[in-house]
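Visitor: Residue-level listing of the chains:
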Amino acid sequence: MIKHIIAIMRKEFMHLIRDPRSLMIALFLPIFLLFLYGYSVTTDIKNLPVAIRDGSHSSQSRQLISKVMNSGYFNLVAMPNSETEFRRLVDSGKAKIIINIPTDLATKMESDSKAVIQVIVDGSDPTTAAAAMGYISGIVQDYFSGVMVKAALHKPGSLVQAIDLKTRVWYNENLRSLNFYIPGLISTILMMMAASLTSLTIVSEKENGTMEALVASPIRRNELMIGKLMPYVIIAFWDVIMISAVGRFWFNVPIKGNYFLMLFASFLFLMAALAIGLMFSVIAKTSQEAMQLALLTTMLPSLMLSGFIFPIENMPKIVQVISLLIPARYYLRILRGIFLQGVGIRYLWWDMLLLAVFCAIIVRISVRSFRKRID
Amino acid sequence: MNNNEYSIEVKALTKKFGDFTAVDNINFQIKKGEIFGFLGPNGSGKTTTIRMLIGLMDPTSGSANVGGFDVAKQSEQVKKVIGYMSQKFSLYDDLTVSENIEFFAGVYQTKKETREQRKDEVIKISELFGKENTLTGELASSMKQHLALGCAMINDPQIIFLDEPTAGVDPVARRKFWHTIKMLSERGVTVLVTTHYMDEAENCDRIALISDGVIVACDTPENLKRDRMKGILLEIECSNAMRALEILRIDPSLHEVSLYGLFLHVVVESEEATEMIRNRLSDNNISIEKIEKITPALEDVFVSLVEEQQNLKLKEPATERRGSERSA
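Protein sequences appear in the order of chains S and U. Counting in this note's numbering, the first sequence tops out at residue 385, every number present. Counting in this note's numbering, the second sequence tops out at residue 361, every number present.
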């Protein structure tokens, strides 16, 4: 049993060594992908182009403008003189946000009546728009409440809105989106990589005619399939270590929980992903077909249905049920738990268990899908 | 193991793929140490038969016993006692010669004590001394075939199945290959080999001629040549063989006319037909160099038997069709 598996493993390693290009891809593509996507997925706002019309030209308006500019989120691209220029600025994409300060800002503020500031946001990119709106209203609120407190100090006896809401965010204190996205990227990249690694192993033997010698030999299918999986488990595990190191040390995503627990969960996840690839390799007639199946069925679901981009709680019930079939769903929760929350097995055991069950089922299905027959 | 004198016994073996019958109710026995040739054109059912005998395909009906095991029920035991060389090259091009041997030694789990000896043996059978560390993909195709034969012998099997082992191999290498096969048979290994080269078939102890999934004859090459030819075989050398072929084919009194290199081979009932052929050809302005009676080669026997078989088949569906019309 063991000897058969070792014979298959050794042969698979030989194939890898004789094909350095594929080996390099297997070993380093995930890291490259993490670098590439790690820089592109952030939804934090930085240097958003803003145009400001200052109709007031008062000390108050100048204070407000400098507050907006000093926040670090915005980049002042224009100071239009009239409202007629707004459309051109937004349509040409020069400005994503326009702040329109009315002429009567100073007088309204001094007379304690309500001042209105117009903010125009380009909504064609809703994520950015929503975030920018949040930032701006925060800055403006902050400015006005500061002014009001000062005014109250100057005029003893006047009433100040005394509610001061202090929110505190747990686990990802700066709401750094990267901290949230890196674990998701890790799971998506690993899933895709692992499934495509094994997707060629069986089908290429069919294409080369070597499968006939294997099925004519006394080797058992369990031995064959496990022997085929093992070398890729090692490669994929190397990918996990490298990719989590890049996440931790390059993108500064903290790993607050137990690193070994993360490795264990990664192992289960990898086995599941590799087994999915292997299964497609058995089913497919050509390597092209196997590769397509492996990529299509792993990549998009891991992105869309795992909770990586869209929260599972917001999905319709039926889609939530389907998402139970996506191993990335369990793995992602474990990763976020360990990376960001620093929680241990006490809180993660349920997801761990589901992942382990999923892994066992899919490995079994993929082994069983293989038949020692030619028909 | 069984002490039966037969290594392989096949009874009423049939394989159907949907409506198509690839192997149709075949029967034969192969003795220990015999070289048994399966001779037939491509698509006649040779490979399907072998695949059933080594447990790669389940028979639709019938049974076969290989090395004492039933192929349908004990296919995994069968696999342990046989060697198999498939039609398509089935070694790894990106592995070296010794790595390939090593791999198959691992898969067949040869015992540790005998492993080195088996590997040496395989190298010897393959005649690849000094090439152990060459990548298999870099070997000449005849060497590859020899290595595949060697690897099929890794587990010291009693029976080996060779599916068109010499396809695409040059004549000199083919002779060497057959030399190896004979050596194995002398050691008591039973060999079942398929081929569509007629000259190779003469090397076999016995031959089964297979056509459209049916064994049309099964005997030693000598017996086949002597007994299975109906009528007399004439060889004709003439100025325009193609034209002569067309003319003689339509003559109903001639059993069989075929092109054999530059000559025509014609099967006739008696030597009196010679005159008729002479007249027929000279009427058409074809000059005859010679007409003589020859002893048939296997190919002639084969052509004759296949034609007989097809004539039978042509009659059968016709009656069937009539039957179905009536019922409709």
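It cannot be assumed that every hint is accurate.
Unchecked claim - For lysine to aspartate or glutamate, the following EDC-like pairs were computed, each having C-alpha atoms within a straight-line distance of at most 16 Å:
| hint | chain 1 | residue 1 | chain 2 | residue 2 |
| --- | --- | --- | --- | --- |
| 1 | U | Lys157 | U | Glu171 |
| 2 | U | Lys152 | U | Glu165 |
| 3 | S | Lys13 | S | Glu233 |
| 4 | S | Lys382 | U | Glu109 |
| 5 | S | Lys216 | U | Asp126 |
| 6 | U | Lys152 | U | Glu132 |
| 7 | S | Lys13 | U | Glu165 |
| 8 | U | Lys323 | U | Glu270 |
| 9 | S | Lys13 | U | Glu135 |
| 10 | U | Lys263 | U | Glu304 |
| 11 | U | Lys121 | S | Glu217 |
| 12 | S | Lys382 | U | Asp91 |
| 13 | U | Lys65 | U | Asp189 |
| 14 | U | Lys326 | U | Glu341 |
| 15 | U | Lys263 | U | Glu302 |
| 16 | U | Lys121 | S | Glu233 |
These are computed hints drawn from the structure, not numbers from a lab.
Visitor: Does Glu171 of chain U lie within 16 Å of Lys157 of chain U when you go C-alpha to C-alpha?
Guide: violated, 19 Å
Visitor: Decide if the proposed pair is consistent with the structure: Lys152 of chain U and Glu165 of chain U, CA atoms, cutoff 16 Å inclusive.
Guide: holds, 10 Å
Visitor: Please verify whether Lys121 of chain U and Glu217 of chain S have alpha carbons no more than 16 Å apart.
Guide: Holds. Lys121 of chain U to Glu217 of chain S sits at ~10 Å (cutoff 16 Å).
Visitor: Lys121 of chain U and Glu233 of chain S were given as a pair; does the straight-line alpha-carbon distance stay at or below 16 Å?
Guide: violated, 24 Å
Visitor: Holds or violated: are the alpha carbons of Lys382 of chain S and Glu109 of chain U at most 16 Å from each other?
Guide: Given that 16 Å is the threshold and the Cα spacing comes to 10 Å, the pair holds.
Visitor: Run the distance test for Lys65 of chain U versus Asp189 of chain U: straight-line Cα separation, threshold 16 Å.
Guide: Holds: Lys65 of chain U and Asp189 of chain U sit about 15 Å apart, inside 16 Å.
Visitor: If you draw a straight line from the CA of Lys13 of chain S to the CA of Glu233 of chain S, is it 16 Å or shorter?
Guide: Distance ~9 Å between Lys13 of chain S and Glu233 of chain S Cα, so the pair holds.
Visitor: Between the alpha carbons of Lys382 of chain S and Asp91 of chain U, is the straight-line distance 16 Å or under?
Guide: holds, 11 Å
Visitor: Take the C-alpha atoms of Lys326 of chain U and Glu341 of chain U, compute the straight-line distance between them, and say whether it is at most 16 Å.
Guide: Not satisfied, since the Cα-Cα distance of roughly 21 Å exceeds 16 Å.
Visitor: If you draw a straight line from the CA of Lys152 of chain U to the CA of Glu132 of chain U, is it 16 Å or shorter?
Guide: Measuring from Cα to Cα gives roughly 10 Å; hence the hint holds.
Visitor: With a cut-off of 16 Å on the C-alpha distance, tell me whether Lys263 of chain U and Glu302 of chain U pass.
Guide: holds, 8 Å
Visitor: Do the alpha carbons of Lys323 of chain U and Glu270 of chain U lie within 16 Å of each other, as the hint requires?
Guide: This hinted pair holds, its Cα atoms lying about 5 Å apart.
In this structure, the earlier hints numbered 1, 7, 14, 16 are contradicted, and the remaining ones agree with it.
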